[in-house]
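Visitor: First to last, the protein sequences are chains A, B and C.
Position 54 of the first sequence, counting from 1, maps to 186 under our numbering, and the rest follow consecutively.
Position 357 of the second sequence, counting from 1, maps to 1283 under our numbering, and the rest follow consecutively.
Position 67 of the third sequence, counting from 1, maps to 575 under our numbering, and the rest follow consecutively.
In short, the hints are calculated from the structure, not lab data.
Just to be clear, a hint being listed does not mean it is correct.
[Unchecked claim] Simulated restraints, written as ranges between beta carbons of each label pair:
#: 1; chain 1: A; residue 1: V166; chain 2: B; residue 2: K1047; range: 47 to 55 Å
#: 2; chain 1: B; residue 1: A1098; chain 2: A; residue 2: T195; range: 23 to 31 Å
#: 3; chain 1: B; residue 1: D1266; chain 2: A; residue 2: G194; range: 27 to 35 Å
#: 4; chain 1: A; residue 1: T195; chain 2: C; residue 2: Q603; range: 31 to 39 Å
[Unchecked claim] Residues from chain A shown here face chain C by an in silico Cβ test under 8 Å; the list is partial:
#: 5; residue: G168
#: 6; residue: V171
#: 7; residue: V173
#: 8; residue: I174
#: 9; residue: V228
#: 10; residue: R350
Note that beta-carbon positions come from the ideal geometry of N, C-alpha and C, so glycine has one too.
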Amino acid sequence: MTVTAPADGSPAASLLEEGAGAGPDRAFRTVTLVAGTMVLVILLLIAVTMTVRAWPAFSEFGTSYFFGTEWVPSEGKYGILPLVWGTVLVSLIALVFAVPMSVGIALFVNELAPRRLRRPVVTVVDILAAVPSVVFGLWAFYNLLPGFQTVFNGIADAVAGIPVLNTLFGPSTGSSFMSAGLILALMITPIITSVTREVFATVPENDKSGALALGATRWEMVRGVVFPHSMGGVTGAVMLGLGRAMGETVAVALIIGARPEISLNLFGVGETMPAQIFRQLSEAGALLRSALIGLGVILLVLTVLVNVGARRAVVAVDRRVKGTA
Amino acid sequence: MKRLRPMTVLVATVAALALFAAACGGSGDDSSKDTTTTAAAAADAPTDADIKALTATAAGGGASFPDAFYQAVNSDFNGVAGKELVTYAKSGSSDGRKQLADQTLQFAGSDSLPKPEETFKGGEILFFPTVAAPITVSYNLDGVKDLQLSPDTLAGIMSTEIKVWNDPKVAADNPDATLPSTPIVVVHRSDGSGTTNNFTKYLVAAAPNTWKLGSGDTVAWPTGTQGAEKNSGVAQLIKQTSGAVGYVDLADSQKAGLSVAAIKDQAGDYVKPTADGVKAALENSEVAENLTYNPLNAKGEGAYPITAPTWIITYAKYTDAALVSTLQTYLRYVLTTGQDQAQKVGYVAIPESLQTKALAQVDKITAG
Amino acid sequence: MTTDTATGTDPVPATRSSEVAVALTGGTLGAGRRMRNTAASVLMVLAFLLAATPLVVMGVQVFSQGIDAVTSGSWWTAPIPETGRADLADNEALQDLGFGDTSGGDSSASEVVLGMAPAIVGTLLTVLGASVLAIPLGILGAVYLHEYGKKGRLARLIRFMTDVMTGVPSVVMGVFVYTVWVLPRGVDGKSALAASLALACLMLPIVVRSTEEMLKLVPDNLREASAALGTRTWKTTVKVVLPAALAGITSGSLLAVARAAGETAPVVFVIGFVTTTNLGFLGQNTTLSAQIYSQQQNGGALSTELAWGAALTLVGIVLVLTLVARGISRRFQIG
């Protein structure tokens, strides 16, 4: 710890000795206040400097930047919609797989698993959270891509004649929205699981035992008591996962195909905002750099909105629990 | 580093003196072994002592096309120096030039020339040709080893007009092969790339009727194609994707163990990307005043038509004298001793006449 | 019921009471209800297996493909080797095309000493720098929130913004440091220090929040006892509260460190490129995550081996940090 303590005397003695001074207390308070405000300062600095740097792109392209459907910097086309599309689509795919998985794991840990199994299960999920993004990417690139290509094309062939499905599940080269979404699902499962577990743990024990006492099965108790009570909190958890998914960079960059396209083919190639920033930032000329920093700003705004929403939902649960307790 | 300036200037002076002495010594030896022209180049080769005397580090980066060559040369150069004097981080030609322009790098590797609108913070720039190599058309297709492609077929494939491997046009180029009906996956560079520039320039020149996407460090690839970063990324992705085809330097293509196609030259022969094919292409291209040249779609017999040049780009002036001597010594090393490493990793040394011109240009880098 | 389930993470009684209830009512269940219940239970187990299986497979593959490099002896001490020549040394296709080593059997080229020392040092250095910047600041910030600001308007704003900042994508931090730090400084801007700055931005909110959570767990009667002795808040905080929360704060900070050590996106723009060890915060450097990415991009058998080795090393470092953090926090909770 960085604290300076007088070298002599026991802690109790030193407490009595100088405890009366108001000056040091004010100084310490100021130091902590400055430290606390640093979060605000840094966040403000990030938002302001990036917006300033992005401004040339915003003002130069205006609506064609925000609503343009083509991102081809070499031809001067800076429409960000394909990248927004890729980011949103990949994140949604990730949620579709991660949410049921996370809720299942949370229920398993909180309601089903024998007590001595809980800690190992939680450890496994924590380890999943600890694996760096680039390792997921490396592994997926070498060990999953060829398999993805085979499986996706198999599915595409199977649904080839069925309308809608044949659009959603078209031919694949392996790298795709779906590949990135599946890897992201694994990566965001831990955070959704841990928040969901906390939310489930707030369900009043009386309600749960009451339901069981009335003869409900465990599943009926979960459906009838745990789920209704936790809706808001789980929504918060899902949004936290969404925020995480939207910002993931390297793992997605390696397996999405690097093609900014608005395509409904989930097995087709695409591109996300963070991946595009990651690929192009240092090589960009003034205008493209500004457009990329603009992507950073939009990503910042989107993730902030999602996180604000998530926190609100979680806080609402907290309040309700504390209100009724 | 800035605090050490007087010191570095002193060391640089010593280094310069040492260089001068070495040059004198070299010229004295000339008479004994000037029967070969490489001996003349060897006179310019920095001695181990020259390299050890250097103090400033030089950070370079850019083109991934010559990366395997630069990594080999740098490993030797830094090995002699006993410290990491020169680094080269591949990031694409556009990236290298941009970082040189922003002065976040001290020299750049590029396979393409800057566009007129590219401006460089540090003023005038110099081009040093280093090696040349074939851009291969590499592919991943089970059971097909010796693919042959005419420029028109190649352009059709790359612009996704030809969608499957057993298309009649591909079959016409390959009368002896059994082609599967696998869909073609075109893999291209997603970053700004001199390889893309040279490859598309070749298509513009050789297949003007089929290739409509123009040329440049990046082009607007059609829907359904797939991007990857740097030559190595393209090679890796081709390896991981069945039915894939793309344009890659030979070193990266062979590291990934890919098959390479033979390309039809202007005389109508299918030419593999051989060392001799590249040499023939180099002999048939003209070098401009600033040492830029274009060996693409060269005419000579046996010339591999997609032969690409590559340059190290430096500023003519740097503020730091120690940096200048590092760059000068390094460039001399690349253009003499380093040339021997080229063929080992899939490149071809530049012709001796060009080496001489480039060596003469090294002195144009000055401090001030 | 005495357990406070709102804060506890182990609602033990749930299982017990449910087991009792199931045991009591089990006999009267209809087949449909029983089946649905069983199906739900199976799905829950399946959900866990669905997440655990890829993790295990990935773990095995990272381990098996990285272990040779990591145990090669030179791994922790040698510079990062140049792999191109060795990777292409015996390439027959290349030789058929007239390339390759034409000088004859020089086998020395194919002997490559696998090493990752520069990246290991770089990772430790950047993370150390980020920790020095972010952890004291984060702890002091948390002290303000919990000991001074409490429920005040400013404290609430900071708390909220800290949560928001936790959600800011790491690549944005990289863009930020690249534009304000690297671009103005040119080639001298690329350094372990720049990477530390980006990672510190990432760590700060995590440290603030985890520290505040830990401060909350320190019983108020400790503070009151100290205050009763006439001690000022600052001294109470420094001598009583922080020591009491030390284990928890350490654990939270370690988790932040682990998170930072694994980051790639914010590091790659700002760290530069080296293959030998740079012990300084200034000058270009490299990290394990940057090496995994660039060696993967390199292709070739040896580069791929380096990438897997770096991945195993990084996962090892991150796992040790995470497990140590868990161990500390577990002890803290019990004690």
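Visitor: Indicate, hint by hint, whether the structure satisfies it.
Guide: Hint check:
1. A:V166 <-> B:K1047: 47 to 55 Å: Violated - the Cβ-Cβ distance for V166 of chain A and K1047 of chain B, about 37 Å, lies outside 47 to 55 Å.
2. B:A1098 <-> A:T195: 23 to 31 Å: violated, 48 Å
3. B:D1266 <-> A:G194: 27 to 35 Å: violated, 56 Å
4. A:T195 <-> C:Q603: 31 to 39 Å: violated, 57 Å
5. G168: holds, 4 Å
6. V171: Hint holds; V171 of chain A Cβ to chain C Cβ min 5 Å, cut 8 Å.
7. V173: violated, 10 Å
8. I174: Since chain C brings a Cβ to about 6 Å from I174 of chain A, closer than 8 Å, the hint holds.
9. V228: violated, 13 Å
10. R350: Holds, about 6 Å.
Going through the hint list in order, the structure does not satisfy hints 1, 2, 3, 4, 7, 9.
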